[in-house]
Amino acid sequence: MSRREAAGTPPSDPESLLRQIGRGDEAAFETVLRSFTPLVYGVALRVCEDRSMADEVAQETFLDLWRTASRYDPAKGSPQAWIVTIAHRRAVDRLRAERARLSRELRSRALLPMVEFDEVAEAVDAQDEQARLRGCLGGLSRIQLESIHLAFFDGLTHTQISVKLQLPLGTAKARVREGLGKLKACMGAGKRLGGGSELRA
Amino acid sequence: MSIGTGLRAETSGAFEDEHALVGAYALNAVDERERVEFEAHLAGCPFCTVDVPAFREVLARFAATAARTPPADLVPRIMAEARGVRQERARGSVIRRFMRFRRR
Numbered sequence: 001m002s003r004r005e006a007a008g009t010p011p012s013d014p015e016s017l018l019r020q021i022g023r024g025d026e027a028a029f030e031t032v033l034r035s036f037t038p039l040v041y042g043v044a045l046r047v048c049e050d051r052s053m054a055d056e057v058a059q060e061t062f063l064d065l066w067r068t069a070s071r072y073d074p075a076k077g078s079p080q081a082w083i084v085t086i087a088h089r090r091a092v093d094r095l096r097a098e099r100a101r102l103s104r105e106l107r108s109r110a111l112l113p114m115v116e117f118d119e120v121a122e123a124v125d126a127q128d129e130q131a132r133l134r135g136c137l138g139g140l141s142r143i144q145l146e147s148i149h150l151a152f153f154d155g156l157t158h159t160q161i162s163v164k165l166q167l168p169l170g171t172a173k174a175r176v177r178e179g180l181g182k183l184k185a186c187m188g189a190g191k192r193l194g195g196g197s198e199l200r201a
Numbered sequence: 202m203s204i205g206t207g208l209r210a211e212t213s214g215a216f217e218d219e220h221a222l223v224g225a226y227a228l229n230a231v232d233e234r235e236r237v238e239f240e241a242h243l244a245g246c247p248f249c250t251v252d253v254p255a256f257r258e259v260l261a262r263f264a265a266t267a268a269r270t271p272p273a274d275l276v277p278r279i280m281a282e283a284r285g286v287r288q289e290r291a292r293g294s295v296i297r298r299f300m301r302f303r304r305r
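Top line first, the protein sequences correspond to chains A and B.
Under the numbering used here, the residue at position 19 of the first sequence is numbered 19, and the numbers go up by one with no gaps.
Under the numbering used here, the residue at position 11 of the second sequence is numbered 212, and the numbers go up by one with no gaps.
Treat each hint with caution, since some may be false.
[Unchecked claim] Partial list, computed: chain A residues near chain B (C-beta under 7 Å):
| # | residue |
| --- | --- |
| 1 | P38 |
| 2 | R46 |
| 3 | W66 |
| 4 | S70 |
| 5 | G77 |
| 6 | T85 |
| 7 | I86 |
| 8 | L95 |
[Unchecked claim] To spell it out: a stretch of chain B is covered by chain A in this simulated footprint if at least three of its residues, at any positions, have a beta carbon under 8 Å from a beta carbon of chain A; those stretches are:
| # | stretch |
| --- | --- |
| 9 | 224-232 |
| 10 | 254-263 |
| 11 | 276-284 |
The set of hints was computed from the structure by calculation and includes no laboratory data.
Ideal placement from N, C-alpha and C gives every residue a C-beta, glycine not left out.
Bound conformation, chain B alone:
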């Protein structure tokens, strides 16, 4: 555990900072233990809370290179399926709820 020091010794003998997993985390290239550990760090880290979404924007562009034509019936199947799935209500602000109320 790296709590308190911000540094930890790796098996290689090198020291690294507590943000070390930020790239691997954005890539889902971590195991479950690392995910839990890093998310605990992420919640309070001003650097990683900027980097993770920024890396994901980059990866979304990267992902576009893999786009493929899906089976023709995929969209209608998902539409049909969604009709039976209940949506979560927004944990909306009071203002949002007020605006919705006014629209009625």
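Chain A extracted, bound-state conformation:
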């Protein structure tokens, strides 16, 4: 048990919680779980379109987090970005394995409207940040937006995106790079996600 925990003042910001988890603090792990399962499960469900796969991806993501929390380096990004990166990579890997196994045809899905703001989403992220994201997304071209969307939520590679959007081979990667560059500039270059306000009760 850490000193902080013993003193009865558990930290509530995600970075401190990750440090606590790295030292085996189960209460901190549960706090992070309760805060981030909607995000991780939601991303996995969106990518995999299958509840049991999403469930497994969420389990694997958090067990990964539990195992490697001591390696989390705040200098390299916010806890939310770290967690989303792990979850998204696992979901995409799972989806591709599944697609390869079934070698099924890619189903086309509705691309837009892309954003459904439900209560859970608002609880996970500060409302003003979501509003800003929405504004920034408006500055992207349709191709940039669709390319990012197909990559992130449908787990397509840039090559598959070029085929799907009938772009010259090799240009989808330029479109996602431009789009992410615009979002980065619009949302504040290198700005990290708010320091844990979403975790305060």
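Given chain A, work out where chain B should sit, using these hints.
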């Protein structure tokens, strides 16, 4: 391979820089060969080492729009599972280890 030139010809005939995959990489929208190639580039590129984490911050916000209520038993199941999983020790600095030692 683009080693040495920093530019390579694409099948489309256009030239592009060696950072071209930075967005696709941050999105996991690369195949395994591209991932390996880009990570070799990333390790020594001052631009991409800034862009990849910055893009991931943007994508974390993007991801929040997909948040969904998970099954009610997901958290307790993961908690139970974690109790049987061994944690990695921090590759901590000497100072960190010293501080931990002092706390005992």
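Results for each hint:
1. Below 7 Å, beta-carbon pairs count as interface contacts, and P38 of chain A has one with chain B at about 4 Å; its hint therefore holds.
2. With its C-beta approaching chain B no nearer than about 4 Å, R46 of chain A sits inside the 7 Å limit, and its interface hint holds.
3. Checking W66 of chain A against chain B by beta carbon gives a least distance of about 5 Å; that is within 7 Å, so the hint holds.
4. For S70 of chain A, the interface hint holds, since its Cβ comes within 7 Å of a Cβ in chain B; the closest pair sits about 4 Å apart.
5. Residue-level restraint check for G77 of chain A holds (minimum Cβ-Cβ distance to chain B is 5 Å; threshold 7 Å).
6. The interface hint given for T85 of chain A holds, since its Cβ lies 5 Å from the closest Cβ of chain B, which is under the 7 Å cut-off.
7. With 7 Å as the threshold, the beta carbon of I86 of chain A stays out of range of chain B, its nearest partner Cβ sitting at about 11 Å, so the hint is violated.
8. Hint on L95 of chain A is violated. Least Cβ distance to chain B is approximately 10 Å, over the 7 Å limit.
9. Judged by the Cβ-Cβ criterion of 8 Å, the stretch 224-232 of chain B is covered by chain A as claimed, because 8 of its residues qualify and three suffice.
10. Here's how the stretch 254-263 of chain B fares: 10 of its residues keep a CB closer than 8 Å to some CB of chain A, so the rule of at least three is met and the hint holds.
11. Coverage of a stretch by a chain is defined here by at least three residues with a beta carbon nearer than 8 Å to that chain's beta carbons; for the stretch 276-284 of chain B and chain A the count is 7, and the condition holds.
The structure shown violates the earlier hints numbered 7 and 8.
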